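Chains A and B, in that order, give the protein sequences. Residues 1 to 112 (this note's numbering) are what the first sequence spells out, left to right. Residues 1001 to 1113 (this note's numbering) are what the second sequence spells out, left to right.
Hints in this document: simulated from the structure, not taken from any laboratory. Mixed in with the good hints, there may be bad ones.
[Said to hold, decoys possible] Okay, derived cross-link-like pairs now, BS3-like style, lysine-lysine, Cα gap no bigger than 30 Å in a straight line:
#	chain 1	residue 1	chain 2	residue 2
1	A	13	A	52
2	A	52	A	30
3	A	13	B	1042
4	B	1068	B	1056
5	B	1056	B	1112
6	B	1042	A	52
7	B	1042	B	1071
8	B	1071	B	1056
9	A	30	B	1112
Predicted model only: the values in this text are computed from it and were never measured.
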Amino acid sequence: DAGVTQSPTHLIKTRGQHVTLRCSPISGHKSVSWYQQVLGQGPQFIFQYYEKEERGRGNFPDRFSARQFPNYSSELNVNALLLGDSALYLCASSGTVNYGYTFGSGTRLTVV
Amino acid sequence: GESVGLHLPTLSVQEGDNSIINCAYSNSASDYFIWYKQESGKGPQFIIDIRSNMDKRQGQRVTVLLNKTVKHLSLQIAATQPGDSAVYFCAENNGTGGFKTIFGAGTRLFVKA
């Protein structure tokens, strides 16, 4: 079985641009969470979706948005990119809303 | 505020020795705790978890201890191997419905051969 898959693996964007990151959860998993991991720090929670509804939101500006599709895949969108948005963006999926999350390998976003 | 932190940013141990990685959490309402291992270029990998109604849980070569009185969590790795070299994060599901997991900053474990 495939694990959590994220695309693209690496991405370079210019300040002010928009970016869309994609995540496919493990088959059968209905919950997806997004995290931002800046180099040298732990992952910071951005969003959680369960059954296509937003169930949790971290302390991120409105430039960050996400959605979950009927097949439970998810997109994370970031508008008006800043240099400080450069990070590893991680997606995790679970069959429950609270427990048992499996992480993907992430998308490395560099904003120049 | 919410925070999960680690006491030591780096830990160096000899191969074969036992490793202990510590973590403090601040939200007394957290009911679920997880240890993750992250190797370079990879996402966090689940190691072991523990719920707040337990104080100890054992896995293969790993043990997690939870002390709710002082809000402290530890990960013990027995007979540490070079493959255990990585950054280790503790994380908690906070008490607000558990819909987000708060990570600490991480401890880098170096295993000397």
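Against the structure, test the hints numbered earlier, and report the numbers of the ones violated in rising order. 9
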